[in-house]
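Student: Each chain is listed here by its residues.
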Amino acid sequence: MIAPLTYAVVGLAIVLCAAAVYYAVRDKLVDDRLLAVAALLELGLLVQLVTGLLGMGRIEDPTEKATFVAYLVTLPVIPVGAALLTIKEKSRWAMGSLAVGAFAVAVMAARLLQIWNLYG
Amino acid sequence: MGDAPDTADSRRALGGPGIVLVVVYAVLALAATGRSILQITSYFEQAPLAYLLSAFAAVVYLLATWCLARGGRWVRVGVVACTIELVGVLVVGTASYLVPDAFPDQTVWSHFGQGYGYVPLVLPVLGLLWFRRVDRLAAATEARASGSTLGGVDPSALG
Numbered sequence: 154m155i156a157p158l159t160y161a162v163v164g165l166a167i168v169l170c171a172a173a174v175y176y177a178v179r180d181k182l183v184d185d186r187l188l189a190v191a192a193l194l195e196l197g198l199l200v201q202l203v204t205g206l207l208g209m210g211r212i213e214d215p216t217e218k219a220t221f222v223a224y225l226v227t228l229p230v231i232p233v234g235a236a237l238l239t240i241k242e243k244s245r246w247a248m249g250s251l252a253v254g255a256f257a258v259a260v261m262a263a264r265l266l267q268i269w270n271l272y273g
Numbered sequence: 003m004g005d006a007p008d009t010a011d012s013r014r015a016l017g018g019p020g021i022v023l024v025v026v027y028a029v030l031a032l033a034a035t036g037r038s039i040l041q042i043t044s045y046f047e048q049a050p051l052a053y054l055l056s057a058f059a060a061v062v063y064l065l066a067t068w069c070l071a072r073g074g075r076w077v078r079v080g081v082v083a084c085t086i087e088l089v090g091v092l093v094v095g096t097a098s099y100l101v102p103d104a105f106p107d108q109t110v111w112s113h114f115g116q117g118y119g120y121v122p123l124v125l126p127v128l129g130l131l132w133f134r135r136v137d138r139l140a141a142a143t144e145a146r147a148s149g150s151t152l153g154g155v156d157p158s159a160l161g
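Protein chains in written order, with this note's numbering: chain E, 154 to 273; chain W, 3 to 161.
Keep in mind that the hints were calculated from the coordinates and are not lab data. Incorrect hints may have been included.
Said to hold, decoys possible - Chain W is faced by these chain E residues, among others (derived, beta-carbon under 10 Å):
#1 Thr204
#2 Lys218
#3 Thr239
#4 Gly254
For glycine and all other residues, C-beta sits at the position ideal for the given N, C-alpha and C.
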């Protein structure tokens, strides 16, 4: 149940990252369309948090479990923080921070997937 | 350059490229903190040194994130935090290759931050460069402000 969702999350994060880079290059400010993608990503991360916590009993290795839970909880914080900064900062660097945040989400979600696939 | 209250604003670090650094720092700080809380609460005895180091690193990353975001008087604290991070990643990175037995489990700084895509090695350098830039900009602004009344150095030479 978590694997397909996490694939979707990784894909969406990559889309958001690419879109933010595109906006930065074109020197466009954040708009509703971009925020909608970020909101969708956030929703996916929250669902992933709940399903991940419910299924984490299956992960036996304690170190992997710690990483799994830490990333699971950290992930939903990133789009919210990055989006707030993006709205506040009115320059192309704001798009840069959104791109970095989205990239971090993609990497961390991929790491979740790696751990999950070992035990799922 | 003194610490006049009005210079605090010119030293605000947030804005421009600094905002990207804040995000990267915040992500690393959050991930490292979350992981070390779990390590210490659930299986501390497995590798006490590694987990204590991870926790220490996490706190320093949180501090550096705060300093980057606030700027002002925090710039000086931030420089110290980034220096600790740089020394930490170099010392622990070297030690993890020389005495691997001392580190049964990974820390953020093991193998020069390999597990985190070498981000822990690059980040403090970027942080230090950024703080230096902020400091220089503030100094230039101060010089410009006092230059006209004192008839001192041409402020544009400092820009």
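Student: All the hints need checking, so say for each whether the structure fits it.
Tutor: Consistency of the hints with the structure:
no.: 1; hint: Thr204; verdict: 18 Å, violated
no.: 2; hint: Lys218; verdict: 8 Å, holds
no.: 3; hint: Thr239; verdict: 9 Å, holds
no.: 4; hint: Gly254; verdict: 5 Å, holds
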